[in-house]
Each structure stands twice: as C-alpha cells, then as structure tokens.
Amino acid sequence: MGARRGRPARGTAVRLGLMAVPLAFFALFFAYPVVAIVGRGLKDGGQWQLSRFGAVLSDPDVVRVLWFTVWQAAASTGLTLLIALPGAYVFARFDFPGKQLLRAVVAVPFVLPTVVVGSAFLALVGRGGLLDDLWGVRLDTSVWAILLAHVFFNYAVVVRTVGGLWGQLDPRQEEAARVLGAGRFAAWRRVTLPALGPAVAAAALMVFLFTFTSFGVVQILGGPTFSTLEVEIYRQTADYLDLPTAAVLTLIQFAAVLGVLALHAWTVRRRESALRLVDASQTARRPRGPGQWALLWGTCALIAVLLLTPLGVLVERSFAGPDGYGTVFYAALGSAANADSTFAVAPLDALGNSLAYGAAATAIALVVGGLAAAALALPAPRRGRSGRTPLVSPFVRGFDALLMLPLGVSAVTVGFGFLITLDAPPLDLRASWWLVPLAQALVGVPFVVRTMLPVLRAVDGRLREAAAVLGASPWQVWREVDLPMVRRALLIAAGFAFAVSLGEFGATVFLARPDQPTLPVAVARLLGRAGELNYGQAMALSTILMVVCAAALLVLERLRPIDRSGEF
Amino acid sequence: MSTTSRITATVVAAAVGISALAACGTPGGGSDAKTVTLVSHDSFQVSKSVLAAFEKESGYKVKMLKGGDAGKAVNQAVLTKGNPQGDVFFGIDNTLLSRGLDEGLFTPYRAKGLEKVPAALQLDKGEHRVTPLDYGDICVNYDRGYFDRHKIAPPKTFDDLIKPRYKGLLVTENSATSSPGLAFQLGTLAKYGEKGWQDYWKKLKANGVEVVDGWDQAYNDRFSGSAAGKAKGDKPLVVSYASSPPAEVLGKKPAPKEAPTGVAAGTCFRQIEFGGLLKGAKNEKGGKALLDFLLSKEFQEDVPLKMFVNPAREDAKVPELFTKYGTTIGQPATLAPGTITKNREQWIKQWSSLVLK
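Protein chains in written order, with full-length UniProt numbering: chain P, 1 to 568; chain X, 1 to 357.
Everything labelled a hint here was simulated from the structure, so no lab data went into it. For glycine and all other residues, C-beta sits at the position ideal for the given N, C-alpha and C. Any given hint might turn out to be false.
Claimed, not checked - A partial selection of chain P residues facing chain X, derived with a Cβ cut-off under 8 angstroms:
| no. | residue |
| --- | --- |
| 1 | ARG235 |
| 2 | LEU419 |
| 3 | ASP423 |
| 4 | ARG430 |
Stated by the list, open to error - Some chain X residues near chain P, calculated using beta-carbon distances under 10 angstroms:
| no. | residue |
| --- | --- |
| 5 | ASP42 |
| 6 | GLY71 |
| 7 | LYS72 |
| 8 | ASN75 |
| 9 | GLN76 |
| 10 | ALA176 |
| 11 | ASN220 |
| 12 | GLU345 |
| 13 | SER352 |
| 14 | LEU356 |
Based on the sequences and whatever the hints tell you, model everything.
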C-alpha cells in the first residue's frame, strides 16, 4: 500500500460502517431464525445428527422430488429463453408506439402473487376453464401447466436483463463485421452473441433460481403428483412436523442456491467487462422490411396469448356475475356481506393493509438494501498505480451473495424460524405488526441492491475525489455527487420492493394476523371457501391487485433512467 | 430530471413517508390481562353477536390467531410449546390429539358444562387436558340426481364403493394434504384393519378412484352435486362431510323437500374437535373463562351454522336445517388417537405409494 496507507484503511472503515446495519438485519431476521429451525431438526441432545443426510437422501421419494425439481427448472428455463429471447431483441432494437406500456405490461406477471397466477391459469387451462370450454383442453394436472406458468412469470426477467444490454450494444460493430464480408448470421454470431452471452447466462440463472425454488405455482397446478424441493420442505414442516427431514432438504436447497448464485455473480462480473455501450434510445429504430415487422407482430401475438390471456380471463371472471356481466363481486368486496362473521375485515380493507405493509417493507428494504449497495459500490483499495480493476475481497463477495440468499430459502423455513426465535422480549415480534413487513423486506432487499448497485458503481469516482479535495465532507460528497445520480434508481428500487411486497405470499400467509390480511392472503382465503360469491370476489380482488401492480410498474417505466443495464 | 418526474418522485416519497407513519400508529399486539387470545385454524368461525356478548359479560377482549388448516395450527402450537402464541387452542381433533397430549401442550382444566357432553366424545376423560367442543363425520356424499337418472341405488358402505357399478364415480382427497382425505383413509383402516386396508385401496384404485389435492377442488370442481361448481363436475361421489347436504340447502328459496345430495352412512369416520388451555398461557384466568364460553350453550348452538359441525353438548339445540336435511350417523368408524399418532405418517406414506404412484 505504501504511500497511500491512510486511505484504504479509511475506506475499509467506511465500508464496514455501511455494512453494519444490513449485516445486523440479516443476522437477526434471516440467519438466526433459519439456523435455529434447521438446528432444531438436526440437533439431538446438543449433538448434530449428520447421519440423517444419508437416511433422507436414500429415500426414493426424496430422490424423485430432487429429480423433478431439477428437470422442471431446467425445462422452464429453456422454454423461457426460447420464448423470451426474441422478445428481448424486439424491445432492444425496435421502436414502436406503445413500447413503454408493453414493457410495463410484460413485467406485471413477475410481481403478481402466485395464488393469483395459479387461479388465473386454472381459469384458463383447468377443468371448466376457457380452453376446456372451447376445445376440451385441460392441462391442470400435467407438467405443461407448470412450465407455462413459469414462462409467464419469468418472461420479464429475460426481456429486461438481456434486452437491457442488447439495446446498448453498438449496432455499428455488427455492421462493421458485415462490411468486412461476414454474413448476417456470422456477424451476429461473432460479434453480438459473445457480448450478450454473459447477460443471457445471468438471466438464465435467475430464471433457474426462481423456478428451482418454485412454490405456489407447483402447489396449485401440480396436484398431488408433482412436488418441488420447496413444496416438500413446506409439507415436511407444516403437515408432518418432520423437522429433521425438512432441515436436510433445506440445506440441500441452500447448497444448490448458493451454487447458482455463485455462478450468477461470476457471469455478472464477466458482463461488466469492457463492452462498448451506447444510449439505448439511439439503437432502437422502427422495424424495416416484412421480416422485422413479422417478428414484431409475432412477439406481440405471443405476449397477447401467453401473458395477457391468463390476466384477461381473471378480469373476465371477476365481472361474470350470476346474472350476466356486472360489478356484483366488486360491490360485495366493499360491503359488509360477511358482517356477522369472524372474517371481520371487508376484503377491500385488505388493500389498505397491503399498502401499509408494503410501505413499511419498502422503507426497511430501502434502508437495508441502500446501505448494502453503497458498501458494495465503494471503490476497492487500488492495486498499483494504474490498476483500475476493482479488487473485491472474498468477504465483500460473500456479503453480496448473502443479500441474495432470501430469494432461495423457503418462506416456511423463515416463517417457522421467526416463530421459535423472535419469541422473547425485547424481540417478541410474533404478535407484532412489524413481523410481516420485516419478512417482506427480506425478499425486497435483493431487488433494491440489484437495482442500485450498477448505478452506484457507474458514478465516476473522480467526481467524488474532486469534491473531497475541494473540502466537502463525506456526507456532502454523497449529497452533491451520488444522490442526484441515484435518485431515480432509488425510486425504481422502491417501486420494485413495494410491488414485491404487495405480491409476497409465502411468508405473509404464515405471519399475517387474521384481522389484518393482505390482498394475496384474502384472495387465498376466498378461494378456499365454497360458493360462487367467494370465487367471484377472489377474482375481483386479484384484478384489483393486478391493476395496482401494473400502475406502479407504469410509473416506474417513466422514471427509468438513461438505461444502465439494470439486472431486473 | 423532468418536472413530471420530479413531481412524481415527491408524491411517491411523501406517500411512502405517510404510510410508514400510519403504520407506526397501528397498534401492535399486546397481552394485558383484559385480552385473551384464541389460537385456532382457518375454519374457526363464530357469530359476532355471540362473541360480543361474551366480551361484554366477561370483560375480556378476544384476540384471534388462525394458523392455516388444522394440522398446521397444531404443529405451530407444538413448535411454540411452553411459550405459546395465545391462551386457548381450539381445533385439535382426534387424528392429532395424542401428538398434542404427548407434547404436553395443555394445562388441565375442567370446563363448565362438561357433564352435558356424551361420554363417547370425552377422549381425555379424567384428565381434562382437552375439552371436546364439536364433532362431525366425514362420509362419501352422493349426487341424488345422477343416481335417479341412471336408475341405480347410491352406495351405502365401503364395500359398495369397490363394486363395478360404481366404477370411476368417486373422487377423494390426498391423505397427505387434506384432512377429509386422511379421515376417509382412517375410516378404511378402522373397517378393514392393518392387514386389509391396503388391499381395499388396491381395489378402489382398480375401480377408478380419483385423487385431488384438497376438499375445495374435490367438492367444488369435481363433484357433480355441488351448487358452487355450477354442476360442472363429473363425479357423482365425493368424500365430504355428513353436514354437506344441509349446506347445499342453505339459503335456497323455497326450501326443497330433500337435499340434492345424500350421505352414504356406512362410509363415515368421526372427527371430534377439542380445545384446551395452553401451557404457559399469559392469561390463564381469561383462558379458563374462554374455554367455559366455548362449551357454553350460546356458543355451542352457534357452531352448526358457522362451522357446519355438530355441537358437543347434547342439550344444545341443533337448527332445523340440520335435523331436516342432515343424516345422523349411528355407527361411525373411529380409531384410538394413540394408534393414529403412532402410525399416521407411515400410513400416509404407504397410502401415497399405493394410490398416487
């Protein structure tokens, strides 16, 4: 370090200071509950019983579940790439009316709760569903329903991750290759594909992660025969109270998720390597020639069939009252139809609950995720005079991965962990209002970090140094240099955290107090009761939830900054 | 940043701030001596007026925590034993009872009015760790219209269900994920014993029984006799409750002569639900008062139309809907709670590999 000894040390201190809050948050609300519940399953009289791994792994039922989990995730990922990559191209390279709206629309499924999507798909491909009525096609007990629902959910991940980068690749590079005599395909294969490769890989890994840990979709559409690791952990914990088996399965899933995340981090680092990026708005132009128009229309048609039809069926059902179309179900939502009942809350009040929980969860996620992103974005101590490569220590990388882990750990594990750990003063949170937003924030943090990090990293360090040299305090530097550049990213992160918490179901259903259900919980409750009115109300509530999510995303589209390839 | 975005940003920020403030104002959970907390499953229901009368009379405010279906609620109680989430637990049934008793979840208390509960329901007689509060029977329901149209008699017993004339007509629930499904399996265990039940299910499978995940799907989607399914289902036989036929009549005007569905009385398994004072309860006194209330005539008479089960007290009046359209099951199948707890997982696993694969 030589002459610069003082600065890196101070940098490290700042980094550690920034990491303190996120680390404490994760230690208390994630690691401690999860370790406690796993320990409860694997410890017997203070001794770790590792032999249980052998017993569980030699159970043919468990092997079947593992196999299904892996292959359905692989198949879902492949299918999603196949269907969404042309879409990514269309969004990246073409300019057409309504593009912003369509970009927002394709992201709606991503933030919808799985109960809603499950019921939408059942209404479409289930018994008595639209396809059944029209052509007698029922997919509800086949693996196809699961795969299609996964494509539905993750289409936006590919379009945004890959399309975001694709839009910024300088098309002149490909053109140059063609001028030099390469064919259209060869030019694409030699120039664009290698540049896109890491982004495609990163998107594929995210889709794999989401589908590997799929819960609601598989539970609703899988019937009794299909089960993923996540569903099996839920069954072993909640139905059988077989904590040892659940603990082993949790650790297996944990290992798999860590592996996927490590690969993902590696591809992201590769993506950040030297690419010549340009402003996305300069690369998109109106489609030319029948081929490009066909591609555009084909993509629109695909989006209409695959993404809009399930949502449309949901809306249609919400208006299909007993005496023809009308707003009967919506009216029932607001009225005290269940007045003399312990379902004390009018379903519409659930909207208020959801918004309040969402706001609190967003605030927590922004603080925790914002600090974490700031810590990760700090320039690393420089190696040598010219070394511009950030030298990130394994510790920081580990921290980065830690922030993503809640996406891959079963909500029921976290929920049960909360129950048995946060149960004594000063942290007896089991009956507290805060339990739900805390759990939801866990899922929101990764999105905040992923949105903020690229923007923070892109802030030119020389600006900060210049300000510091001119006598600004660290706080002033942050306010004058960083804040103006990250304000939009912050808002987008807030929007995502908010939407994710609106749709979060797994942990909420477990923790929400019965007098304060959220929208997804209310939908699930209504679906669980007999009767036409309940079903209609569930559809109406789902429709409201969908509209709220879509509106939030549309606002975000307008706020999207000059696109640095964000990861979501 | 354009003006519009700036305004939007300010609005969003303000909204977030205000909601956060509002959130702070929301009362958190407190457990003072004036509050008594009931832990239960999702199906627990009580009329507001009945509950309000108890709150007024006793001076306690009742807080309710519902944790999923019956099995999940019991498992949550087991996990939090010693430091429970509430004071009284409602809804541990005979299929799960001995798990709760073995774990020592409950403090003994003899609720007022227990002498009015028939001895057959008192499975913890003498110790009073739990109090029987209601019971219901899980039976095969049939669609009267279907059997009239096809001029065949509906089945009456387990043996009937494996006869060729009922081939492909029955839909039941997954034992692993649904309590009516498990109860039906336990019924076959009570009837055919440890040796014969698997053989019976092989025959049932050969006779085309279909399995779905939950009661909701079985009854509302697949059963041809349910109104909520708008008769789209194609299975005229379903595993449901003896109280389902009265539920089908509820609210129908004019009231029909008989319910559109019936019950095969020889296929029933009895579920008894209990309540108990949780060990480590913060408000034991209030918990005792609440338990007395759950066994009081007012609550017991509220039970049938709220939860569609029968009151445990024999002196509780049952509504006409039940007496007119319901079926009284004389000889339901039962199994000792201890036997069930000891074997349930193994039975479910055996059932799964026999029927699902």
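Hints, verified against the model:
no., hint, result
1, ARG235, "holds, 7 angstroms"
2, LEU419, "holds, 6 angstroms"
3, ASP423, "holds, 5 angstroms"
4, ARG430, "holds, 6 angstroms"
5, ASP42, "holds, 7 angstroms"
6, GLY71, "holds, 6 angstroms"
7, LYS72, "holds, 5 angstroms"
8, ASN75, "holds, 4 angstroms"
9, GLN76, "holds, 6 angstroms"
10, ALA176, "holds, 7 angstroms"
11, ASN220, "holds, 6 angstroms"
12, GLU345, "holds, 6 angstroms"
13, SER352, "holds, 8 angstroms"
14, LEU356, "holds, 6 angstroms"
Going through the hint list in order, the structure satisfies each hint without exception.
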